[in-house]
Structures are given as C-alpha cells and as structure tokens.
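Chemist: Residue numbers (my numbering), protein chains in the order written: chain A, 689 to 934; chain B, -12 to 414.
The hints are simulated quantities; they were obtained by calculation from the structure and are not laboratory data.
Hints are not guaranteed to be accurate.
[To be verified] With a Cα cut of at most 30 Å, we get these calculated DSS-like pairs of lysine-lysine:
#1 810/A <-> 402/B
#2 214/B <-> 255/B
#3 373/B <-> 753/A
These are the residues of each chain, in order.
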Amino acid sequence: MLEIKNLHVSVNNNKILKGLNLSVNKGEIHAIMGPNGSGKSTLASIIAGRKEYEVNQGSIIYSNKKLLELSADERAKQGIFLAFQYPIEIPGISTTNFIKTAVNKIRESKGKKPLDAVSFLKVMKEKMKIVKINQTLLSRSINEGFSGGEKKRNEIFQMAMLNPKLAILDETDSGLDIDALKIVAKGVNKLKSKNNATIIITHYQRLLNYIIPDYVHVLIDGKIVKSGDKNLAQELEKKGYDWIRA
Amino acid sequence: MIKDFTSIKKNISKETNSILKTKKTKVFDSLDDVLKTYKEEYKYSPLLRKVSKKFDILRVDSFKEKKKNIDKKILNQYKNQYSIITINGLFQKNESKIPNGISVNTFDKLNNTDKKFFHKFFNNQDDSKSDIFTSINTINYKESLLIKIDKNYSKKDHVNILNFIISNSGESINHIRKLIVSNQNSKSVFIEEFISLDSIENFSTSVTEIIQEENSEIEYLNIQNDKNNFHFNSINISQKQNSISNCFTFSYSGALVRNNLNVKLKEKNCYSNMYGFYALREKSHVDNHTTVDHIDENSISNEHYKGIMDNNSNGVFNGKIFVRRKAQKTNAFQSNNNILLSDEAKINTKPQLEIWADDVKCSHGCTVGQLDKEAIFYLQSRGISKEKAISMLLGAFSEEIIEKIENQFIKEKIKKITYKKLEYFTS
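Assemble the whole structure, with the sequences as input and the hints as a guide.
Modeler: Laid out in structure tokens, this is it:
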C-alpha cells in the first residue's frame, strides 16, 4: 500500500530525513518510535502533504501512485488521513459543517452523490459513539475551546467519519490522561480492518499497550535504525533510546 | 479638482420653498470652508479628483423627468416584500409598496404640518463642518423624501429601499436624498441597495438623515455591489434617549465608494451598533469613515468592521469616537480587522478616540493579517480543495458580522451574497 524508498527531506536547508525506507501493507499496524527531533512528525507531514518541506531524494508510492505529486486534499481523497499532533482551532466553522463538507467532497471525488442531512446525521451519530464525543461539542467551531483530550478525540472521530485507507496518528497519545487514552485506542482498534493500515507515531510505549502493533520501527536521526515486533517497544521502554544508539 | 462652484448657484435659485432656499444658500456659502477639510478627510480616497475628471459633477439636470421602466425580472426578486423605490433619485410611488404605519412622500407632496416638521430636521448641522459631497447633494438633489415611521410601529418585515440608477439616458450623476423619522417606541428594519441597470460608469451621492425619537429602534443595512459606481454615501443618525440604532454596511464592489456614517447620541441611555463587512477584489476601492459622538451620559456604542482585500483592491477604515464632557459612564468600543490576500491589496486603517469625560470605558484597535496557512492545510488534509478551504475560512471571518443581523430573512440574504462573492477569492 505504501512504499517509501530512500527518502531525504529538509526544511530551510536542515536535513531531517536522511534516507528513510518503510513499507506498509493492508491490514497492518506500524508503530514508529524515536526520541525528540528524530524526524517522526516530519514523516507524518510529508505523507499528508504539508508544503513547507523539500524532498531532496527518494520516492513515496501509495496505491501505485506517486504520492508526492498529489496535493494534500487529493491525498485525503485517495484515503490518507493524518490525526494531527496539535489540531488547530478554527473559529467560525462548525465541526459538523466542516466534516460534512469533507465527507461529501471525498464522496464527490469517487463519483458518489453527497449524503443528505438525514443520512449524514445517522452516520455521525453512529461514529460519535466510538469516541464518546457529544453533539454539543461538534456544533461548536472546529476545536475552539476544546480540551486537549477533546481535540484528540475529535481527530479520531474525523477518522471514523472519513474511513481512510491509511491513517497516520501523530503523537495522538500526547497530552491524554489514561481514560482518554483508552477511548482513543478503543476507537482506533474498532476502525481497524483487513483493508486499511495505520501508522502510529509515538514517544512512549504506553499507547502500544492498547493498540498492538504488527511492527515497531525506531527512527533516529532521520533513519529507521531498527525494526521488530511489539517486544521491541517494551525493550525500548526499559532501556531507552541510547541502547540502540550505542 | 473643482475650485469654482458658481455653476450650481443656478440650482438654488430654482428652489421655490423659501426656507429650503435659505438653507441651501447657507450650504453654498460654506463650500469653500468645507473644501478645506477635504484633503485630510479624503487622504486615502481621492474621490473628488477622480469623479471630477470623469463627470461634470456640478451639472444640474432638468427637474422634469421622463418616465423610466425597470425590468420586471429585477423587481420580481423583491416580490411580496415592502419596497421604497427610486430611479435616479426620484421616488416611484406606483412601483413602491409601503406598509401601514410608514408614510413616504416627496417634499412637494407634504402638507404644511409635515413641511414644518421636515424643516425642523432637514440638514440640521453645522454646514461649515459638513462634507463636500453632502453639500453638493444638498444643493443639487432633485427630490427629497420624508419617510415617517409612526409611533409604536413594530412590523417585523423589513422595508427595501431600492435606488435604481439608469445611466444610458445620459444621466450618470444622481443625488439621492432622504429624511427618516423614527417616532417614539417604533421598531423598523430597512435594507438599502444601489443598483445600476446598465454597466456604464456613474457617480451617485446619497444622504440619509435619520432622526430617532425616544425608545425607537432602527436597523439600517446598506448593500454596495456595483463595480461601475463611484459612490458617496452618508448616513447621519441623531438619537434621543433610550433609542437603539443598528447600522450595517456591506460592500462587495465599487469603483470608488466612500461611506460616512455619523451617529450622534444626543441624550441619555442610547445604544448604537455600527457594523461593516467589505470583501473587495480587482480594483475596487471602499472607504468607511465613521463618527460616533457621545453627547450625554450612560450611552453605549459598539463598532466592528471587518474586511478582506484581494488583487489590487483598496480598503480604508477611519473610526472616530468622541466622548463629550457631559457623557459620563460612556461605554464605547471599536475594532477593525482585515485580511490581505495579495501583495498588491491595501488597507489604511485608523481608529481615533477623543475623550473629555473622565468616567468612561473605551477601547479601540485594528488588525491586519493574512489567512492562517495551518488552517488551510488542516481543511485540505480532510479532502477539501485549497480554493474551497479559503472560501470557508473567509466565510468564517465574515460570520462574526453577519451573525449580528437580527432580521432572519436579511441575515440569510446577506449570507448568500457574501458566500457567493467569497468563492472567487484566492490566496
């Protein structure tokens, strides 16, 4: 599904990714762990289509398409979803209205008719249960005045509504208390299927107690230096990243 | 620029009403003084220079008018709504539909009581401190309207004031003049539009004086959306105690538009809301100059203007708040926020406060910025195209002003016009 080869990326002439390789197949959950500044969020941003980065070398193939040639909205229409580390507040646009526009734009790109108000509400109610988010919150402006936990739950709710093929969760666990963490993890597990894949970016092993990854990769200084299964995460938790650096 | 005004003196001699003649003569005599303030007042909007190049702005048209027709299709948009209709500044009684409780008449048709009443309020200001275009309007208007709202009037339905301009008959200069009196305890809603029926450059001035008696409330909206219009608009409100005014100015296009909104809170416990939204593209130029004068104590004024400038468009905002010595316990707020979408777009903004009383609460401020790239990316990352994301964000920016409209029908109408306009903005 996703094939990243020898990816070199820089921002303002600072080299961040230095030859990254990653291959993700349908039905898999990959965890990417690493210390601060290792390039984890850059990787998430570059897959989602943020423009500030410069790709110096390498390629990303997604579902047989050259991903880097697509704009962010085209990528979303192809099934890529990024759960933001810091979801932005957008005053004046209600969350419901925003998600409805997004859902219908994606449907439109697939030649489907837009959902009418009634069917949309039905789908929404269903998905709201998954992340325990309420209607009042969704009728407010996007993320405006939301708590940290509410913002992250809103991200997973959007993921549920858009039903992506490849979801990237960028430090979705940061800033969450243990209850919120469980709700988010439960949501992600519920949305998992044979046909979609998830990349989880995280500092800590904690989230991986609730979402069991098939693969764990360690990203240090712009490169994946070690890959393994879920046990690698536990080992990292015990020994720290210096264990791999050394 | 004009230096010699003698040509419009002819027009004063045609005035048959002696009181109006005296008033107009006084206005004429102070023209030179008024012109002295022009340079500062029109620093960023050279309206006089521009229009005097294109039009013979002092020209006096004949008072007798040929009959003109408006396309039924256009009028149909306002079907089943109350409307006061003018064509080139002349009242069209037969085309208009006026609700019970409001009377509309031209000055000539007024009875003696109403004429006295008209004299009492018409052009009641210090002429030497007037505006040059208001003065030209006062001398050159062909017909003035008196709109009287009865005591206790409270119909929820709005009244359109539709000013049609037909230039292909050779008249590209029009002066529209009206006096609105909102009597005690009345509550009314007006929405005014200026509509050119042909795409010929034209110049129009409109001066509206609004007198608010005790406990009256008026919502007055203005829509400007004509790229061929060089337009001067002045709304002058004078409020008595416990009255409320809600003024809205929506500008979407204009060759060079200048809006003067002047509110005098003459007595205690008045409330004035002044809101504006401008969304400009191409070479449009819109200038909003507002003044609110707190004369007596315990009044509130609240002003918020927001604008978006794209391409080579030009915006100007100047807001003055005066708080007189007697106006203790005044609350006066003012703010102006702008988004610039292109390197060539421009905004000149200037909030001003003059306070002589000591127990008051006042604030003012302005911002100029760009759209948040993070917000655009967030929306894009959910499958929304960049263009759509921009128009959604601009719509959200406009919402704060549009939401302030009380009348539901008008709110929806303005929303529709605004969102349609914003589809064409890019960043």
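Chemist: It remains to establish, for every hint, whether it holds in the given structure.
Modeler: Results of checking the hints against the structure:
1. 810/A <-> 402/B: holds (27 Å)
2. 214/B <-> 255/B: Roughly 41 Å separates the two Cα atoms, so the pair is violated.
3. 373/B <-> 753/A: Roughly 21 Å separates the two Cα atoms, so the pair holds.
Of the hints listed earlier, the one the structure fails to meet is number 2.
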